Structure formats: structure tokens, C-alpha cells
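As they're listed, the protein sequences go chains A and R. Numbered per our numbering, the first sequence spans residues 100 to 163. Numbered per our numbering, the second sequence spans residues 3 to 399.
No lab work stands behind these hints, which were simulated from the structure alone. No incorrect hints appear here.
Distance condition first, Cα-Cα at most 27 angstroms in a straight line; then the derived DSSO-like pairs of lysine-lysine:
1. A:Lys147 <-> R:Lys103
2. R:Lys205 <-> R:Lys103
3. A:Lys147 <-> R:Lys261
4. R:Lys91 <-> R:Lys104
5. R:Lys399 <-> R:Lys379
6. R:Lys126 <-> R:Lys379
7. R:Lys308 <-> R:Lys31
8. R:Lys261 <-> R:Lys399
9. A:Lys147 <-> R:Lys104
Source: prediction; values computed, not measured.
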Amino acid sequence: MKLRIDAELCEGHGRCWDLLPELVDADDHGHGFLIDPDASVPPELERKALEAVRACPECAITVE
Amino acid sequence: MDGGPMYAGGDKSALAYERSACPMDYFAKLRAANTTKTEEFPGLVVLSNRSDVEGALRDWETFTSAFGGINGQDEPLIPLNVDPPEHVKYRRLLDPYFAPKKMASLQPAVDKHTNDLIDQFIDKGACDFSEDIAVPLPCSTFLSLFGLPLSEFDQFIKWKDYLLRAEAFTSSSEEADALRRQTAVDVCTLMATEAYARRAAPKDDLITYLVESEIDGRKLTDSEIVRTCMLFFTAGLDTVTVSLECIFAYLIAQPEARKMLAEEPGSEINLVEELLRSETPVQMVSREATHDLVLSNGESVKAGDKVMIAIASANLDPNGLEGADTIDVRRGDMRNFAFGGGPHRCLGSNLARMELRTVVRRWHDRIPEYSLAPGEKVIWNSSVLRGVDHLPLVWAK
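In isolation and in its complexed conformation, chain A is listed as follows:
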């Protein structure tokens, strides 16, 4: 499982870095970015990753 954040769709709601700080950080404007965009989601974080995906109001973070 890999995550992707569409910066065009992101409006900085901040749910992804709030729910998944292990993999997502916030930039100076509060927009989420993947700490390692190429990394796979470790199995133990898959459940949390899916929560972050479901929580995004703009559907900007998705599973690839």
C-alpha cells in the first residue's frame, strides 16, 4: 500500500497529519505532505492510513 497526496486538491484541513503523523507532516501553510513519498505504508500503519484517507474532506489523500 502506498499513499499519494494531491497538492492541487489539498486545502489544508490537516486531518492527514493529525491522524497519521508517522507518515505525513504539515508544511508551513498547514498542508499535508508525505514524509517519504516513495515509501510503502508499513503493515502496522495500514489501518491508520486508511482512516486518514477516509477523513480528508477534499479526498486529496488516496491509496495507490
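We have chain A; now place chain R onto it with these hints.
This is chain R only, laid out in the frame that chain A set:
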């Protein structure tokens, strides 16, 4: 936030009360009726289903926010009443000031304000949650953010009420309008005076940040600074107040949720998120149609029509999000528009969340069990901001 028909009297009050008392039922009925025309908001287009609301929040070109000012202001507030591309410039400037890391640095002050407020009544075994916490806490936060002395507190509360509830202090809509306008002048005068003072003597506060900031290689004008401060004043106080009221009005009827909060530090994070969604303290946001269009239900909207986007309804709409018509305070993964969406997503959302989480955590650390005072009822007030004027609580001393 809107200065529109929020404070209707007579029969409309009854409708507003019905909406505030049980938004779940009210909005389910509204969505089932499949119309944008409501008794409560005659002449306005009310969007209530999930897909219309999500679409309208994102489609700022069709549903503009640039329709002038709100709350006694003729001029557009910044960045609320400005659309892209100008809007983007203001947000680039302001977003960093309200970014999560910045808000984390303000958290100790909010924690202290919360503890100080609780200190004042904890030994009495009773308080009015609205008057003693929900109203003062965001006001103290605002004063900290703006580098203003706590001695301004009473004045600020009065101004806020005059701006947002002018009808309660006057006997005609003309008088209410005059009071709102006079108060807007008073607040703007204070902000302009403070901005002038910060140019000479900078401090570590938001006004100084605005005074020193630039867009397009130029400093902000006095008008821009005042209109930005004015937005924070109208948007930052009552919204957090009503959010706290919604959360605690929910909790007094939910012993399991209270137990969870008392026993599990950190559980307030998902609880706050789920209740922002299901209670949606800011029930609607305003837009104006820029061109004629036909909605998904076949109704037509004309250019210039005033549009109310009922985010409270969309948040509860199970069509497109299974389970949205139920509440589970342990989950934090239900996407919602409690802070709006699209480019106008609430600038202060990180601040609001931090304040709400801090109060809920600190309260339950210190007062884990409490109830509504005997003989009292929860009476919702009638505005698009869903709150209560009083919430008398008691606990064992």
C-alpha cells in the same frame, strides 16, 4: 458566518429552534423534501445534500464569496469575502500564522486560560458552562493572539454581542442595523489604532505580523489590516463558543462518552472531530450565485441569488458516506465540512481544534463527572451558529 437572516423573530424562531434542537431530524426532512426553498430562509437558496454542498464549496467561480462584507461591514472582509486569485495571496500570508506548529506554541496559553477559568468555580461544584468557559475562553485566546491586554475583555464581549446579536439589544431592525454599524466602526477604530502603535513599537503578535507583511512586494494597507482583524473578531469568538456549547450539551446526556474522556487521555481528539461533524456548530456558510444554473434536483438558481450552503446537513447525509447519520465519538475518520471546504476552508480551524481539545481535556482531568443542574433544560438559541446562552452544570464538590 453570515450577517443575513440569522436572527429572525416570530415563527421563524420556532423553525430555527427546531433546527438547532435536533439538526439530525431537521436536515433529514429538508433533504427528503429535495428542495432548496425553506420556510426559515425565504428567498434564499439552501443547499443541503452532500453532493450539492461539496460541489458548491469547491466551485468558488459559481458560488462566490466576494459579495461585500458581513456583520455591519460594507467592505469585503479578508480573506472571507475575497475569491482567488487575490484570495490566494492573502491565504499564503495568513495560513502560516495559523498553521499547526504555530498553534501548538499558543497551546500553553490556552491551557493556562482554561485552568484559570476552572479555578474560579471548581470549588463551588457548579458553573454556567456558557458564561464561565465557552464565552470567555476564546476571548482570552483572541486577546493573547492580538497582543491586547486582558483588561479589554469586557469591551470585547460587548462588541461581539452587539455585532452578532444586535437584535437582542434593540427593538427594531433599523436600530439593530445602526448598532451593528456603530460597533463595526468602534472595532475597526481600535484595530487601526493598534496597527498604528505596532508600526512604532512592534510586538510578537498577529497585528505586528500583519503590519510587517507584504503581498506583491508592498506592505498591507491600513484598510486591509483592519478588514483582516475584523474577520478574526467576527469569526474567531462565537464559533469556538458555540462549538464548546454543542460538545458539552452533547456530553451531559452521554455518560459513556464522559467516562471515556475521564479515563482515556487523547480520546478527546476523535470525540471533538466527530462532534464537530455531527453537531456542526456553524450550520451554514453564505455564497452568491455568479450565473444562472440548474441544480441536480431541477430547481433553477439565478445570477445574484443568495445561497446558504448547509454544511450541517451535508455532514449528516448518509448518501455518499455510510454511517454519517449516526454518531460514534471513538471514530475520527468521517470526512466532514465543519470548517467549510474548498479554498475558503476556515483559516482558524487549527486554532479552533486546539482550543476545543484543550478545554475538553482539561475539564475532564479536573471535573470528570458532572451533569445538567437539576430542573434545568438545554435551550438552543436561534442562529446559524448553533449554541446555548446558558448551560448550568453541577458536580460533586
